[in-house]
Amino acid sequence: MASDTRHPLLADTSSLIAVANTDQWDVLVGSLALTTTNVCKHELQNHVNSNAHAPEGSRDQYLKRGSQRVLNHLDDDSSSWSCVTVVPRPHGSDAGEESLKQELSEHGDSYQVVSLLDGAARRSIRRLVDDHGYDIDVVGPPYLLYVLFDNDLISKAEFCEASGEMIRTEGWTGYEVVKNAWASIPVDCSEFLDEDVLPP
Numbered sequence: 001m002a003s004d005t006r007h008p009l010l011a012d013t014s015s016l017i018a019v020a021n022t023d024q025w026d027v028l029v030g031s032l033a034l035t036t037t038n039v040c041k042h043e044l045q046n047h048v049n050s051n052a053h054a055p056e057g058s059r060d061q062y063l064k065r066g067s068q069r070v071l072n073h074l075d076d077d078s079s080s081w082s083c084v085t086v087v088p089r090p091h092g093s094d095a096g097e098e099s100l101k102q103e104l105s106e107h108g109d110s111y112q113v114v115s116l117l118d119g120a121a122r123r124s125i126r127r128l129v130d131d132h133g134y135d136i137d138v139v140g141p142p143y144l145l146y147v148l149f150d151n152d153l154i155s156k157a158e159f160c161e162a163s164g165e166m167i168r169t170e171g172w173t174g175y176e177v178v179k180n181a182w183a184s185i186p187v188d189c190s191e192f193l194d195e196d197v198l199p200p
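Numbered per my numbering, the sequence shown spans residues 1 to 200.
Accuracy of the hints is not assured; some may be wrong.
[Unchecked claim] As a list, the in silico SDA-like pairs of lysine to any residue whose alpha-carbon atoms are at most 20 Å apart: (1) Lys-101 / Gln-112; (2) Lys-179 / Glu-195; (3) Lys-101 / Asn-21; (4) Lys-156 / Ile-185; (5) Lys-101 / Asp-60; (6) Lys-156 / Asp-135; (7) Lys-179 / Pro-90; (8) Lys-156 / Gly-174; (9) Lys-156 / Asn-21; (10) Lys-101 / Ala-120; (11) Lys-156 / Tyr-175; (12) Lys-179 / Asn-151; (13) Lys-101 / Val-197; (14) Lys-179 / Ser-124.
To be clear, the hints were calculated from the coordinates, so they are not data collected in a lab.
Input sequences plus hints: build the corresponding full structure.
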């Protein structure tokens with residue numbers, strides 16, 4: 001793993017776990033090059049360590065499984081993913097999101113897309129992007145699957161079903177969260193999905 005390589009796609013902990021738990025994980029790791037931070041990697045490791053005995057089917061087990069998949073890929077020498085070190089290292093419950101902001105403040109020209117779920121964090125990063133004049137899309141986790149569809153690596157049905165699966169598995173309910181999940185994705189999935197997981 002090259003820790004100083006910056007790929008155009010930057011993702012946080014929640015985005016990585018969300019895509020790692022979809023049926024398209026193998027396609028994604030085989031075709032997308034992305035970057036995360038040492039802080040997000042630490043959060044992933046914490047999920048694995050703290051959920052060692054999580055019951056099957058539980059949210060904790062989901063976090064552990066997704067985190068372990070991402071860590072395995074990050075640590076694979078043949079991986080096209082990278083992990084950059086952010087200094088000084090932020091701490092606290094939103095440390096991963098803060099580390100993305102720090103990374104963008106210093107190396108924003110390296111990135112084209114930033115993927116994270118939290119709405120407040122996305123708004124904060126959009127302000128940073130606007131203030132610096134960067135040309136960066138700030139998007140939700142399903143966008144990573146959209147990149148696969150846009151490059152003809154998965155079908156429209158596969159994209160829509162994986163996105164719907166992600167929204168249900170993550171427990172993203174409510175108008176704003178579902179709307180945020182679909183932000184920047186110009187695909188109509190109404191023929192494949194129920195209304196509860198479609199953008200309002």
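Evaluation of the provided hints:
1. A distance of roughly 14 Å separates the Cα atoms of Lys-101 and Gln-112; the hinted pair therefore holds under the 20 Å criterion.
2. In summary, the hint linking Lys-179 to Glu-195 is supported, as the alpha carbons are separated by about 12 Å, within the 20 Å threshold.
3. The hinted pair formed by Lys-101 and Asn-21 fails the criterion: a straight-line CA distance of about 25 Å is larger than 20 Å.
4. Taken as a hint, the Lys-156 and Ile-185 pair is honoured in the structure, with Cα atoms around 12 Å apart against an allowance of 20 Å.
5. For the suggested pair Lys-101 and Asp-60, the alpha carbons sit about 27 Å apart, so the restraint of at most 20 Å is broken.
6. As the CA atoms of Lys-156 and Asp-135 are separated by approximately 27 Å, the hinted pair breaks the 20 Å bound.
7. The hinted pair formed by Lys-179 and Pro-90 fails the criterion: a straight-line CA distance of about 29 Å is larger than 20 Å.
8. For the hint pairing Lys-156 with Gly-174, the CA-to-CA distance comes to about 24 Å; that exceeds 20 Å, so the pair is violated.
9. Our distance criterion of 20 Å between C-alpha atoms is met by Lys-156 and Asn-21, whose separation comes to about 19 Å.
10. Our distance criterion of 20 Å between C-alpha atoms is met by Lys-101 and Ala-120, whose separation comes to about 12 Å.
11. Taking the CA atoms of Lys-156 and Tyr-175, the gap is near 23 Å; set against the 20 Å cutoff, the hint is violated.
12. Of the supplied pair hints, the one linking Lys-179 and Asn-151 is violated, its CA atoms being roughly 23 Å apart against a limit of 20 Å.
13. Note on Lys-101 and Val-197: the hinted pairing is violated, with a Cα-Cα distance of about 29 Å set against a maximum of 20 Å.
14. Distance restraint check for Lys-179 and Ser-124: the Cα-Cα separation of roughly 17 Å lies within the 20 Å cut-off, and the hinted pair is therefore satisfied.
Consistency with the previously given hints fails for numbers 3, 5, 6, 7, 8, 11, 12 and 13, ordered from lowest to highest.
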